[in-house]
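J.: Given chain B's structure and the hints, the job is docking chain U onto it.
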Amino acid sequence: MSSVIAIRDSRLIAYNDYEPVSKVSEVLSRKWAEEKNYLKGSASDWLPTVDAAFRSIRSECKNADWDGQGAVAISDRVIAVAEKVVVALFALIPMGTPAPDLIPEGDGEICISWAVDADRLLSLSVGAHGKVNFAGLFGKEGGIHGWQPMDATSPSTLDESLQDVARYLGRLYPPTVSRRAA
Amino acid sequence: MLRGTWGGSTHQLSADVQPDEVLTSYLFRPDQIIRVTKTIHHSRFMPRRKHKNERLEVSVCRSSTLTEAQVWTICSTYFDVHAPKPAIGRGVGPAAAVFAEELAFDADGIPHPEHANIIGWHDAVDKPDDELKHFWMAKAQRLAKQFLYMPRR
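Chains as they are written, first to last, in our numbering: chain B, 1 to 182; chain U, 1001 to 1153.
One thing to keep in mind: the hints can contain errors.
Unchecked claim - One side only, chain U facing chain B, incomplete, derived with CB under 8 angstroms:
#1 His1082
#2 Pro1084
#3 Phe1135
No lab work stands behind these hints, which were simulated from the structure alone.
Note that the structure is predicted; figures quoted are calculated from it, not measured.
C-beta atoms are modelled at their ideal positions from N, C-alpha and C, and glycine is treated no differently.
For reference, chain B alone in the conformation it holds in the complex (with noise of 0.2 angstroms):
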C-alpha cells in the first residue's frame, strides 16, 4: 500500500514512460537509464558531497539525544539505506541534477533534500523501516507529499520503488539542453 497526494492541480512531466514487462525488459531499463546518464561519467560528480554529509551524520548523530532535543540515533543501517537511496536516484534522475542535502532528523531518519527556490523543493526521508515519506512543492503546479514502500535488497527493485520520486525530481529539474551538456 502506498498514498500519494496532490495538493492543488498536480501536472505530471512523463520524461520516461518506458514500462519494462519482463526481467529482461527491466535490465534493458536499468541500462537505458544508466545509458541516458553516461555524460555525467559516474556517479562521482555526487560522492564529494554526499560523502561528506555521510560522514559528518554518522559521527555526530550516532548516539540518542545526538541534538540535546531528545533525537533517536541515527544507526549505520539507515545511513546504508540513504546512500543506496542516493547512489539510486543517481543513475535515475536528469543529467546535472544537482547532489542533494543530506540532513539528520530526530526521529532516527535522514532526509534528503532539493532546494531550487523556496517555492520549488523536494524532500524523502527514508530510514530502516522500508518505506520512503516524500513531500515537494512545484511552484504554480502545486505539491505532493505520500510515502510509498522501498525494498532497498537489490539495486533493480530499489531502482523500481524510487522512479515515482525520481519523476517528482524530473519535474524540479526538468532536462534542458544545458543540463543534458553538463
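T.: Frame of chain B, contents of chain U only:
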C-alpha cells in the same frame, strides 16, 4: 532551576500567540540552512512526541518582544546547554504562517516565558508514524520557507 535564570522580557506577552507575532527557531547545524533560499530546512519544524503516543509538537520561541541580545540570552540559557554545540543562528518567521497551516499553539511558557509549542499536527492512532510523516513534512516545508535564517551575532 533554569526558569529563574531568564525572567522574561520587559514586555507583557499575551496568553495566546497572535498571528502578527514573530517566532524564532534556533539552529546548531549548518545543514539546517537552505543555502539557495537563506531559509531554514523543514526538519526544524518536524513535530515530535515527547513520549510514545503523546501529542506531536514543535518547540519555538516567541521573539516579538525580545531584543537581539535577549533572544541569544534565552538561547544560551535553554538551548545551548542541551545541544552538542552552541546555536549558529536562528530562523525567524511569522506566527501567521503557523495558523495558515491550520496548526495551533500551546503557549506553555515552560521552561521560559517566551516558549511555545506548535501543535495540531495530523495524527491517527491506527497508523504508524512512518505513514504519517509525509503530512508533517508537507506542512513543515510550507512553514519553514517563511523562516529566514539569521546568523548568531
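J.: Hint by hint, say whether it matches the structure.
T.: Hints, verified against the model:
A cut of 8 angstroms between beta carbons decides the hint on His1082 (chain U): the least distance to chain B is about 3 angstroms, and the hint holds. At its closest, the beta carbon of Pro1084 (chain U) sits 6 angstroms from a beta carbon of chain B; the interface hint therefore holds under the 8 angstroms criterion. The interface hint given for Phe1135 (chain U) is met, as the beta carbon of that residue sits about 7 angstroms from the closest beta carbon of chain B, less than 8 angstroms.
In summary, the structure agrees with every hint in the numbered list given earlier.
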